[in-house]
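Asker: The chain contents come next:
2 protein chains.
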Amino acid sequence: MSSKEHKKHKLFMVDDHPVFRRGIRQLLQFAPEIELVGEAASCDEALAGISVTRPDLVLLDLRLHKNSGHEILRLIRPQWPEIKVVILTVSDAEEDLTEALRDGATGYLLKDMEPEELLEGVRHALKGEIILSQRLRSTLGRVLNGTGRDDPEKKNVLSRRECEIVAAVAQGKTNKMIAQLLGITEETVKVHMKRILRRTKLKNRVELAVWVNDQSRLAPATRAIP
Amino acid sequence: MSSKEHKKHKLFMVDDHPVFRRGIRQLLQFAPEIELVGEAASCDEALAGISVTRPDLVLLDLRLHKNSGHEILRLIRPQWPEIKVVILTVSDAEEDLTEALRDGATGYLLKDMEPEELLEGVRHALKGEIILSQRLRSTLGRVLNGTGRDDPEKKNVLSRRECEIVAAVAQGKTNKMIAQLLGITEETVKVHMKRILRRTKLKNRVELAVWVNDQSRLAPATRAIP
DNA sequence: GGGCATATACCTCGAAAGAGGTAATCCATG
DNA sequence: CATGGATTACCTCTTTCGAGGTATATGCCC
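From first to last, the protein sequence lines stand for chains Z and P. Take the first sequence: its letters are residues 1218 to 1443, numbered as in our numbering. Take the second sequence: its letters are residues 1218 to 1443, numbered as in our numbering.
Hints were generated in silico from the structure; no laboratory data involved. Any given hint might turn out to be false.
Said to hold, decoys possible - Lysine-lysine pairs mimicking DSS-like chemistry, simulated, CA-CA at most 27 Å apart:
(1) P/K1420 x Z/K1418
(2) Z/K1407 x P/K1393
(3) P/K1393 x Z/K1393
(4) P/K1283 x P/K1407
(5) P/K1407 x Z/K1407
(6) P/K1393 x Z/K1420
(7) Z/K1344 x Z/K1225
(8) Z/K1411 x P/K1407
(9) P/K1407 x Z/K1393
What the hints assert, rightly or not - Listed below are several chain P residues computed to face chain Z (Cβ distance under 8 Å; list not exhaustive):
(10) L1292
(11) V1386
(12) A1387
(13) Q1388
(14) G1389
(15) K1418
(16) K1420
(17) N1421
(18) V1423
(19) E1424
(20) A1426
(21) V1427
(22) N1430
Just so it is clear, CB atoms sit at the ideal spot from N, CA and C, and this is done for glycine as well.
Take the sequences, apply the hints, and build the full model.
Answerer: What follows is the structure, encoded as structure tokens:
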């Protein structure tokens, strides 16, 4: 490697469309300060590649063949919190956006944007800024105001009671202990837990605990747990 | 409150010896920049008091009547990571020291130290430094070198295999998934898990997950999970 | 070679977790 | 007032965890 430039930014791309990847590769030729250190089309490939190449930034498609990009994002964040992850997808669904931001994405770009804008976005992201496709600004406004308009089961805000339970889970407490702590039945705690897991789209209490601890550290002002 | 000084440092004391507490109160009169915002003699009192007063620093005795100070420390860290916790105890046991440092204590002082030194220690701790009683320096050396000399069941280093498992747990994986991932039996994973929990003195996988995620964030260079 | 730690596997057993469903109460908002 | 969310509780059922125990093979250090 030539040691001429200070240090190239390392970029990793996860997308299951070979043609799209080719497009990005092409595009990156106009960004000499960015080096593409790896590509992946699946979750496994992505994690393997990322663990080896340790990129500065990951361009991540949400819809892959097997797993979803959200999963990958949730796997990357805890392991390598310093890696920036920018979502690059076709989905302008409010749900995907909120989930990605909640999971700690550095940016959310739509695939139909102009190549130049995309490059600009990546450059800003590398500087640590949070970037967002223009078309999503209005959506974000709604999200930040907590005025999600869609079906209740997908709200991104937890109720007071749920927050108390989440806090307890994040300390490793069992359902029984939480019940005792809050003066309710263990069965009721389970009910809450089930709803919490469905809403947060997390699989079990361990993921929940890790997620909360991430949240409270990385974005105390934005976290969903007041 | 008089708004004369910039802002007093808030200190919270947890110790079940009223007389010792009185001694500290006395001592703090010589530290006008430090304000004692609360005291507690038990775990419950401590957590309640801390959650209300939000001190900058907690002076924590390890041996309390009911719970141990270690427990309190483990409860404080995840909830209020910004609060500094300085252990103040009679125990010069290597085990207590390592456990406290592992759990994120800012300092570890012995109760037999000179009051002036104690005050100095607290002042340094408030500035974010890690403080340690002189008498423990040698012990710490041994600890950091991983040359713990005591019984094997209490070693503070995890084996390679155990680390792999811990990493997986920290991502919310179930034993079955880990088994598949590592190509071993779920039963074997369980065996490892049991040993890991015994060694780390953690109660369940949730605590383990949170602990690991704390470690990797707060002290990437010192963490027990290589 | 004799310990000792590690890693593997299998066994039982009880506790904990999570998914389902039903249902009652309270409270806010339309 | 009606609808719907939040909170509470109880039911069943399956899966997962974690604590015991036993056992074998490997490799390392004294």
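Asker: Close enough to count: is the Cβ of P/N1421 nearer than 8 Å to one in chain Z?
Answerer: holds, 6 Å
Asker: Going by Cβ atoms only, is P/V1423 closer than 8 Å to chain Z?
Answerer: For P/V1423, the interface hint holds, since the closest Cβ of chain Z sits about 4 Å away, which is under 8 Å.
Asker: Given the hint that P/K1283 pairs with P/K1407, test it: the Cα-Cα distance must not exceed 27 Å.
Answerer: Roughly 31 Å between the alpha carbons, so the hint for P/K1283 and P/K1407 is violated.
Asker: Is the interface hint for P/V1386 satisfied, with its Cβ closer than 8 Å to some Cβ of chain Z?
Answerer: Given a least distance of 7 Å, the restraint on P/V1386 holds.
Asker: Within 27 Å, alpha carbon to alpha carbon, are Z/K1407 and P/K1393?
Answerer: The given pair, whose Cα atoms are some 23 Å apart, holds under the 27 Å limit.
Asker: Less than 8 Å between beta-carbons is the criterion; does P/K1420 satisfy it with respect to chain Z?
Answerer: At 6 Å from the nearest chain Z Cβ, P/K1420 passes the 8 Å test, so the hint holds.
Asker: Do the alpha carbons of P/K1420 and Z/K1418 lie within 27 Å of each other, as the hint requires?
Answerer: Cα-Cα ~25 Å, so holds.
Asker: Given P/E1424 was flagged as interface, is its beta-carbon under 8 Å from a beta-carbon of chain Z?
Answerer: Result: holds, 3 Å to nearest chain Z Cβ.
Asker: If you draw a straight line from the CA of P/K1407 to the CA of Z/K1407, is it 27 Å or shorter?
Answerer: Holds. P/K1407 to Z/K1407 sits at ~25 Å (cutoff 27 Å).
Asker: For the hint on P/L1292, does the least C-beta distance to chain Z fall short of 8 Å?
Answerer: It holds, given that the least Cβ distance between P/L1292 and chain Z is near 6 Å, below 8 Å.
Asker: Is the interface hint for P/K1418 satisfied, with its Cβ closer than 8 Å to some Cβ of chain Z?
Answerer: violated, 12 Å
Asker: Need the status of pair P/K1393, Z/K1393: alpha-carbon distance at most 27 Å?
Answerer: holds, 24 Å
In summary, the numbered hints that this structure violates are 4, 15.
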